[in-house]
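S.K.: If you want the building blocks of each chain, they are given just below.
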Amino acid sequence: MATLNLLILVCLAYVILLFGVAFIADRLAATGRSTWLRSPLVYTLSLSIYCTAWTFYGAVGYAARSGLEYLTIYLGPTLVMIGWWWGLRKLVRIGRSQRVTSIADLISSRYGKSNLLAVCVTILAVIGVTPYIALQLQSITLSFGVFVDSDAMGEYGEHGVVFWVAIGLAVFAILFGTRNLDANERHHGVVTAVALEAVVKLVALLAVGIFVVWGIAGGVQETLVRIDTSRIGEWQVDGGRWMMITFLSAAAFVCLPRMFQVMVVENDDERHLRTAAWAFPLYLLLISLFVVPIAAVGLDLMDQTDNPDMFVLTVPLSQGREGLAVLAFLGGFSSATSMVIVAAMAMSTMVSNHIVMPIWLSSRSGSASFSGDVRHVILLARRISIAAIMALGYFYYRLSGGGTALASIGLISFAGISQILPALVGGLFWRGATRTGALAGLTVGFALWVYTSLLPGMGTGVLSASVMMHGPLGLEWLRPHALFGIEGMDPIMHTVLWSLSLNTAAFCLVSLYTFPSPLERLQGAQFVNVFDHSTSPRGWTGSVAQAEDLMIMSQRILGAHEAQELFHREAELQGAWGGHLPEPTPQFLDRLERALSGTVGAATSHAMIGQIVGGSSVSVEDLLAVADESAQLLEYSSQLEAKSAELARTARQLREANEKLTQISLQKDAFLSQVSHELRTPMTSIRAFSEILRDAESLTPEEKTRYATIIHDEALRLTRLLNDLLDLSVLESGQVSLNMRGGTLSDVLDRAVSPALAGVDRPLVVHRRKSNEAIALYSDLDRLAQVFINLIANAQKYCDATDPELVITVHQMGGQLLVDFVDNGSGIPPEAQSLVFEKFARVSAEKAGGAGLGLAICREIMQRLGGDVTYLGGVSGGAFRVTLPLANEMAAQ
Amino acid sequence: MSRRVLLIEDEPNIVEAIRFLLVRDGWQVEAHSDGADAVEVVVAAKPDLVILDVMLPGKSGMDVLRDLRDIDETKGLPVLMLTARGQSRDRDMAEKAGVSRFMTKPFSNAEVLTAVRDLHAQATRS
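Read top to bottom, the protein sequences are chains A and B. Counting along the first sequence from 1, when you hit position 838 you're at 838 in this note's numbering, and nothing is skipped either side. Count along the second sequence from 1, then add 893; that gives the number in this note's numbering.
Please keep in mind that the hints were generated in silico from the structure rather than gathered at the bench.
Examples of chain A residues toward chain B, derived with CB under 10 Å:
hint, residue
1, Met683
2, Ala688
3, Phe689
Glycine included, C-beta positions come from ideal geometry on N, C-alpha and C.
Given these sequences and hints, build the entire structure.
M.R.: Laid out in structure tokens, this is it:
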């Protein structure tokens, strides 16, 4: 029998070897000569930390206890690697593009860089992984126990061994994982060492398997016979449980912090996943190949009391193959150490980044000089975290009594860690997932897992037997293994069913009812559409595009003719003749995108082709770019709108001008019609009477005289009319030249009164107060006199009083000179007052000899002189007022 | 039997000239100078023929003509219309309103006489 010391020596030697390998790998990586270290093989082997001591030892025990069910543990990861490698690729791409350091970091980053979420995931991971680490401690202790009598162990005591193993692993992890602090959190040395360990465990297990099949059973055929006769052949396959555990192991494969560490954080090249997609399942196949034979032969050979978990060691030992047993021991040791190291590394990153550092930074807030020692602090935080995690594992092992079968501890751990799955997968594929939703899901799932799985797994010391049997406070529906009265289920299935389904439900519902912050939405878009953002985001790869769809779209945008020409040209370039559509090669798609962008804008064009080519979803940037283009279009259209409004305004102005012109034209027509009438009427009389004088016989001399007088008067009337028309035309056109000069009002009135009354048969008495009229004027005195004459003549003509009188009064008011002409007649009826100044407006039916232009001319004249003439409606009798600026006012102007 | 003409015209000189012509031709001439009550005057006077000016104070000759054509007694009355507004529009309007003859001022005396005789002859024939 190997002594404990010898085993410890072997372990130490092995560890030193690993350390050396890691050291050399790190040096090679540092000097850039590490191409082989970055091979997909190393990556694949490093993934094998999935196979821990649980798998190494426990799978055989699992097979011995539950038959082929152990395969589910391998089936989950296999399905993930083969069936979901594109999902993993997305994970890896996000990990690289977002510089993610751990799964907690990933979740936090996805949901708006929420540290609260990171802390939750970290705590969940710590609690979930603690049983797993305890499991590794247990397995190492058990494996020691196989070689060494309990007497020999006595020197250390069983728990002592565990303690020292934990210490050893902690030191190991600290030495490996925190020797240096890589900016990108990659540990080439560790990964290389882990890959070496993966080889060791595979070789060890294969060696034991080959020995069992050909050394003990005597060949494949005999082994199969032994399997058939053993208990393993009798186990029934429980479909539900199989599916559940397959799912669980698949979930754990994705969510386990250590798997995330090697798969995402330590990944050098995304393409390694392609190799791993077949190589890792192959590794799993090989490592599981001899599990059943070893279990069957073990069950055959060994006592009932022997722990089937240790068959890998005990079977060779029972045959006296100590060397093989030591190799197997090293394989198990490798499994445990690689898992513990990577897990501790991953966990310490999470704990230090999301818990220790925030606390330390906030406690140091205000201190300016922490930049120098941050490295040191981080390293220290990681080392302490590793020690703490190991201590937790140790205490869990002590608490749980170490009695539970390895596999069940592993499953509890898996179930715990799987609670991350909804938030993770939702975050990768669902833009609507929110931080609150993720928190709610995690909390619900975590709480249920703790209550139904973790606490009961710690033994009756934590949850009393009565709680297990009758529920807390006697509430039966709250029994940890029969929630809501669902009994008879396997505990682990019960846990997974309740925790994951309620976790997912909470995650989805809360996500639906909460609104993500802008940062969350941005991050969500970056995650969900990671392939549109990282490496060559504007290039088209893959060619599942339907050329017909592209053609249809292009026709819509470019027009049928141009699109067909473009496609035809492209087809010819590709060498396809005779009406074939071109293959959607990246070059063609790029050119098409450019062609379309000329019409719809670059972003829209990119998004549209993206929709067709491989159905790639449209990224936020694309949408934003589309929105920008739309905004530009909107701006353009608003400019157009402004222009069209301007045009409408112009059109309205034109219309108004046109209406005015039409009106003026109508006025002109009316004026011409009036002029025609005023001219033709006297001409009619003249013609008629001149014909009478010429043709009629036997006219009396009185008749002749009378008719000649009529002709004479009508000729004068025509002359007056023509004079008035010319006068008005000159005044209206503004071409009149005013003869401004100084004078007095009384002089102007004197000049006006006598001609206005000259040769009139009917007397008009004019009343004036000459003392008021001594007012100096500066104006066109002739024009002013013309106005006065007109007004006086009007009074003489139209005043209907029997003894017509006209009173001329003069006022000065506010720099204005007011001259009122009021007669004692009946005046102008109110409805006609506004018309008297219009051309040809004759108020009464009686003919007064004028053409009706007098007052129109007066008004024109007064307006030219800076004054006005108005009718005073409130006065009895005809009353006109002439307004004129005073001389000093005029001079001042 | 005497032939009676009603002359509706606001220009006294023209009234005098036409009266002189028609009286010498053997007509009995009545004159009226306002448009507002012209229709009543026509209905009351029952002339053989009406000479109507277009531009009348109170009511346009055109409206007077339309009213006359709406009244049974004057529907067929010969109406000679005179206008000083030399616009073809007026002729159209007058013809639409049912004028018998339309003349533009200034006219020759012979024209007026011929028109009046023709209109009367047509009216008595029918």
